[in-house]
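S.K.: In order, the protein sequences belong to chains F and G. Be aware that the first sequence starts at 1, since it is given in the numbering used here, and climbs by one per residue. Be aware that the second sequence starts at 406, since it is given in the numbering used here, and climbs by one per residue.
Hints are not guaranteed to be accurate.
[As the list claims (entries may be wrong)] Okay, the calculated beta carbon distance ranges per label pair: (1) F:HIS398 <-> G:GLU418: 45 to 55 angstroms; (2) F:PRO379 <-> G:PRO416: 46 to 56 angstroms; (3) F:ARG122 <-> G:TYR432: 28 to 38 angstroms; (4) F:ALA19 <-> G:GLU491: 48 to 58 angstroms.
It is worth saying that the hints were derived from the structure and are not from the lab. The beta carbon of each residue, even a glycine, is placed where N, CA and C say it ideally should be.
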Amino acid sequence: MTPVNVEHPDFLWRNPDPAPGYDVVVVGGGGHGLATAYYLARNHGIRRVAVLEKGWLAGGNMARNTTIIRSNYLWDESAAIYEHALKLWEGLEEDLGYPLLFSQRGVLNLAHTLQDVRETRRRVYANQLNGVDAEWLEPEQVAEVCPIVNTSPDVRHPVLGATYQPRAGIAKHDYVAWGFARRADEYGIDLIQDCEVTGLDIRGGRIVGVDTTRGRIATGKVALAAAGHTSVLAAMAGLRLPLQSHPLQALVSELLEPVHPTVVMSNAVHVYVSQAHKGELVMGAGIDSQNGYGQRGSFHIIERQMAAALELFPVFARAHLLRSWAGIVDTTPDASPIVGLTPVAGLYLNCGWGTGGFKATPGVGWCFAHTVAHDRPHPYNAPFTLERFTSGALVDEHGAAAVAH
Amino acid sequence: MQLIPCPWCGPREEAEYHYGGQAHIAYPEDPQGLTDEQWAQYVFFRDNPKGPFAERWLHNAGCRRWFNAVRDTATHRLLAVYRSGEPRPEVSSR
């Protein structure tokens with residue numbers, strides 16, 4: 001056999017050992033952690049930053065989400081931060097100098113009942129008032145946007161209409177992580193893999209360092225961006241959070257011809273579907289109901305998800321399931337995130353994004369970096385405090401968060 | 406599909422059950438007397454361990470009775486099931 005060209009391509013980032021200390025330690029090398037590190041350097045000139053990742057970069061939820069990006073949330077607080085994120089997405093390939101396969105192919109949120117129709121029309125009006133592009137489509141318009149959706153009135157859950165956000169879309173999640181990682185690395189930020197945080201060193205109510213499987217690291221600021229494992233980390237600081245970690249499953253089909261031009265989500269039928277650039281149908285559903293950290297879910301969830309997909313898309317009947325997986329999502333009581341300060345000085349929280357954190361990646365990186373740099377929240381994440389669960393100022397997004405975000 | 410042993414009915418498929426979250430959360434004896442922080446803890450805050458977790462299940466498609474289980478959230482392994490009102494048994498995840 002003749003040897004093939006085995007020359008390795010250039011690495012996108014170094015693989016450094018941890019230094020004794022940093023100005024900021026970001027815990028979690030997923031999309032949020034990498035974006036936060038990037039904007040700490042880009043927007044605030046803070047470059048003595050380490051991102052600690054217990055596994056490999058972007059190997060958790062960043063590699064497991066269904067890559068849907070949209071900003072059509074109901075409340076002003078949510079619309080502001082998700083729309084901020086969407087605007088950043090629109091310039092992100094240029095900003096990072098890296099292809100992200102960002103494709104604004106629109107999202108349809110289907111309504112199947114009169115209650116759905118009323119609720120989602122209300123959301124369209126709310127979106128329009130907040131400057132978020134949104135429109136209401138009648139069933140025949142749904143069929144124009146996405147001809148493979150079954151809009152027959154004779155099915156179990158007929159499509160009565162849909163909200164449509166044309167600027168919504170998808171991006172390739174791996175590329176997003178690599179784009180942020182490459183730029184962060186260029187700023188001199190250390191991306192440290194295989195480095196699990198085992199303890200938070202707090203003295204006099206202030207964080208002074210972290211213990212890791214690769215030694216102790218001194219730092220005055222620790223930014224948690226660990227999604228499903230946030231509760232485990234927060235417990236090291238004696239903090240109890242209103243989070244529950246659940247498996248969220250997704251799956252892809254084999255590669256198919258382009259048949260699906262947009263993103264379709266359905267709360268009532270309980271599935272969301274898009275088609276990746278390469279050709280796989282990408283589908284997700286709701287969380288597994290029980291708490292779990294196992295990165296795998298129950299088979300009956302997938303079975304119901306496939307039934308739901310077939311109800312909406314009869315054309316998928318002969319598609320083969322290629323693989324399925326699960327990520328661990330941290331859900332909150334009001335389906336909105338927690339981004340801000342904690343009772344421990346120098347310890348910052350970014351968690352509770354539940355099933356919908358991917359779309360927020362640049363937006364939350366921007367706002368969380370601001371929060372860490374200035375020790376106070378950015379206006380866009382100011383409503384998403386931990387205190388809201390005591391004050392009652394919840395941001396209830398269960399409707400817009402949908403079957404999952 | 407995972408089998409969950411109902412303390413009354415024996416092992417059944419998990420699709421017969423409904424999940425009820427953390428067990429042993431008692432309604433406060435004097436809700437009016439709680440501070441906002443204490444009330445928030447009761448309403449919104451729950452433990453979320455990676456490891457053994459005492460939780461409630463309802464055998465929805467069977468005897469329709471609630472019971473408690475200790476389950477390891479990292480492995481999904483059920484370590485013990487016991488009837489409502491009984492104390493949490495001592496179990497290890499091994």
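S.K.: Taking the earlier hints as the rules, which of them does this structure contradict?
M.R.: When the structure is compared with the hints, only number 1 turns out to be violated.
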